[in-house]
Amino acid sequence: DSGVTQTPKHLITATGQRVTLRCSPRSGDLSVYWYQQSLDQGLQFLIQYYNGEERAKGNILERFSAQQFPDLHSELNLSSLELGDSALYFCASDQRGDTYNEQFFGPGTRLTVL
Amino acid sequence: DQQVKQNSPSLSVQEGRISILNCDYTNSMFDYFLWYKKYPAEGPTFLISISSIKDKNEDGRFTVFLNKSAKHLSLHIVPSQPGDSAVYFCAASFYSGGGADGLTFGKGTHLIIQP
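Respectively, the protein sequence lines represent chains A and B. The numbering used here puts the first residue of the first sequence at 1, with every later residue one more than the last. The numbering used here puts the first residue of the second sequence at 1001, with every later residue one more than the last.
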């Protein structure tokens, strides 16, 4: 158990809909990262937050957004969903937020868009 | 454009032998490399890392070698055990000054340890 929790575990929805994925980092970790793993791709970095502020952006679509709240949990919002958004979404956390240390990953949320 | 490549989607090794997983990268800015292991239905778990100022890092049965001139790293597992059967991801990072850019992952190698 990494100490990172993600909810829900599975999500099935329809095209055009909007969903919210939630992540609670390990106790003491200030930084949260979101990654997407689709069938034909490895893990793709989406976005990073550090202590409530956006710190870095990767391959995140404009239809996607995220935020980190004062209690440090984070939410990833996916809107106008398309079939191609079906993937595993992982959240990871670390203390320093500089990637020169290991990140601890949650178990992931499997999103299926029908 | 894939900056971190793991060219072997799968690898089968006999129990007790050495497993060698390979990874190539193209971005010369990368200066920190990590290996993660992933079991089905779980998130990736950190295994071992290496900074670009080193060429080798060892932790128990796991050793990572870095060849900067070839932009190549490898993970050696000796001896291989059944519990090592998993997908192994190579990852790389650099600090751009404005903030971390997340990890760049390869697509993974599925290691199967045969009894």
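No lab work stands behind these hints: they were computed from the structure. Don't take each hint at face value.
Capping the alpha-carbon separation at 20 angstroms, the derived lysine to any residue pairs in SDA-like fashion look like this [as the list claims (entries may be wrong)]:
id: 1; chain 1: A; residue 1: K9; chain 2: B; residue 2: S1051
id: 2; chain 1: A; residue 1: K9; chain 2: A; residue 2: K57
id: 3; chain 1: A; residue 1: K9; chain 2: B; residue 2: Y1039
id: 4; chain 1: B; residue 1: K1038; chain 2: A; residue 2: Q41
Query - Pair hint outcome, A/K9 versus B/Y1039 [Cα-Cα no greater than 20 angstroms] - result: holds, 16 angstroms
Requested in this report: Take the C-alpha atoms of A/K9 and A/K57, compute the straight-line distance between them, and say whether it is at most 20 angstroms.
Outcome: violated, 24 angstroms
Query raised in the report: Keeping to a limit of 20 angstroms between CA atoms, is the pair of B/K1038 and A/Q41 held or broken?
Result: Measuring from Cα to Cα gives roughly 15 angstroms; hence the hint holds.
Report task. Compare the distance between the alpha carbons of A/K9 and B/S1051 with 20 angstroms, and conclude whether the hinted pair is satisfied. Result -> It is violated: about 34 angstroms lies between the C-alpha atoms, which goes past 20 angstroms.
In summary, the numbered hints that this structure violates are 1, 2.
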